[in-house]
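Residue-level listing of the chains:
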Amino acid sequence: MNRRYLTEKIYKALMLGCLAIVIGSLFMVIGITFWHGGTVLLEKPDIVITPPGPRYLLGGEGGFLHATLGSIYMVLPATICAAIMAMGIALYLQSDYSSERIAESIRTVLDALWGTPSIVYGIFVFTILVYIHQRASLFAGIIALTLLELPIITRYTDEAIQMVPRQLKESTYSMGSTRWETAKVVARYALPGATAGVLIGLGRGIGDAASVIFTSGAGSTMPSGLFSTATALPVMIFQQANSCYPSVREQAYAAACVLILVVFTLNVTSRLVTRYLSRYVPRGR
Amino acid sequence: MQVSYSGKKDVVALSNITVNIPRQQLTAIIGPSGCGKTTLLKALNRLHDIRDGVQVTGSIRIGGEDIHQPQHPVPELRRRVGLIAQKPYPLPASIYNNVAYGPRIHRHPSRKELDTIVERYLREAHLWDEVKNRLDDPAADLSTGQQQRLCIARTLAVEPEVILCDEVTSALDPVSSQKVEKLLLSLKERYTIVLVTHVLRQAKRLADYIIFLYLGTLIEAGPAEQIFTQPRHKKTREYVQGSMAGI
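Chains A and B, in that order, give the protein sequences. Start counting the first sequence at 3; every next residue gets the next number (this note's numbering). Start counting the second sequence at 367; every next residue gets the next number (this note's numbering).
Don't read these hints as lab results, they were simulated from the structure. Incorrect hints may appear among the rest.
[To be verified] EDC-like, lysine to aspartate or glutamate: derived pairs with alpha carbons at most 20 Å apart: (1) LYS186(A) <-> GLU442(B); (2) LYS601(B) <-> GLU586(B); (3) LYS548(B) <-> ASP495(B); (4) LYS600(B) <-> GLU586(B); (5) LYS453(B) <-> ASP113(A); (6) LYS186(A) <-> GLU161(A).
[Said to hold, decoys possible] One-sided excerpt, in silico: chain B residues whose CB lies under 10 Å from chain A: (7) VAL440; (8) GLU442; (9) LEU443; (10) LEU449.
[To be verified] Okay, the calculated bits of chain B under chain A, using three or more residues with CB under 8 Å as the criterion: (11) 415 to 421; (12) 466 to 477; (13) 501 to 512.
C-beta atoms are modelled at their ideal positions from N, C-alpha and C, and glycine is treated no differently.
Please model the complete structure; the sequences and the hints are all you need to start from.
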């Protein structure tokens, strides 16, 4: 056979091999989690909404509502704060407001912050807590997650804004708009991409254990206020998967299932929302 | 006035332009590609301000007032001197909101007034009949020719005095181009229009006054009839008669 065609076949086979390894691993991870946790969820679906009972960690009764609520109470406010700040920062990075050099430096800093391990954010907020003599709380957890999600959402929003055609801004200015009025038009044009960024940031935040452990605690009590301790699903999974009580372990698997389902739903929702928001953006530009 | 772009090498895009553009007539700026026509146009509504590294020196006066004086807020200048670009860029909104955008930010009219305004300017742009039943549809659904007329409607809606047109028919098919040209002819009675075009026949059809630029300098300016029948400068004659080398 001709050598060129042989080379082509070999490389195609290698690429398919890589694809098979990645997809296979993904299926195995999800499959095992669903195998262990799915059965638990199907038997006792209300453990998601049952608070932990007494002696919970020693195999007692109850569910993991404390972790579910903790996750929701922490991730939603953090994502909302991060999204608002991210839009502000990304609009400032446009050439209308800041020079190219300053904008590039800020982008470099944001990329570095994106790559920072989440435990660093956790320790940072923890150090501040110690310094001001405060205890671990839901509020501290929200701050840590906001810091974690901020660079991610900002960079996605920034990329979406950079895709806005320069001539659209020129047309808007030519109608006599101020810089802020033009910024609002730009924000609307970039909204699909920015929303995708928000949902990705949210997915990152909901799955993070390291920043939550130090800042909001890892107990098994229900969250009772902004300044009480709270735990989140990933932390709870980490603690309980190593337990010697099988009933506790199976709750960890069930929680892992819930997490995977949430992240999957977020991704699908992200695609649908993005498509809906793009109805005003001209196709083919 | 003079415009230079600074970058790796400083490029002087336009130098020593001194010209008077007549009111309420259609002035066409003609010349080969890259000779600075669009640069001149954008200087007239200070659109160069939004880019780093562009310097405009000299004075530009509209109605006797220098547009670079600090007492003129730039958005107000840009309302009075509107620019329509070569390719239409509708705002990410419905057809109605595209036309309503300008009046909303400048005058804050009521909903009923806005309905009247939108209809009036869509009619002026010869677009009303085609869109009157789908005003809430996304502007992005219109054809290119319709989008360009929509852009003209939204520029008219801010009630400018001067309309700058940058090769506004070059992205359109012949039928749409004709519609836009008819529109420009009907507008020149009420507005001062400055049109950049590289199509000589279009300039012949539409212009009352001609400005001829070549490589960033003003070669000749004068009434259209004079430029086309008895150009004074050799380069003008070559360009207008189609014999300029390299076009």
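These are the hints, each one checked on the structure:
no.: 1; hint: LYS186(A) <-> GLU442(B); in the structure: 18 Å, holds
no.: 2; hint: LYS601(B) <-> GLU586(B); in the structure: 9 Å, holds
no.: 3; hint: LYS548(B) <-> ASP495(B); in the structure: 16 Å, holds
no.: 4; hint: LYS600(B) <-> GLU586(B); in the structure: 10 Å, holds
no.: 5; hint: LYS453(B) <-> ASP113(A); in the structure: 35 Å, violated
no.: 6; hint: LYS186(A) <-> GLU161(A); in the structure: 16 Å, holds
no.: 7; hint: VAL440; in the structure: 9 Å, holds
no.: 8; hint: GLU442; in the structure: 6 Å, holds
no.: 9; hint: LEU443; in the structure: 8 Å, holds
no.: 10; hint: LEU449; in the structure: 4 Å, holds
no.: 11; hint: 415 to 421; in the structure: holds (count 3)
no.: 12; hint: 466 to 477; in the structure: holds (count 4)
no.: 13; hint: 501 to 512; in the structure: holds (count 3)
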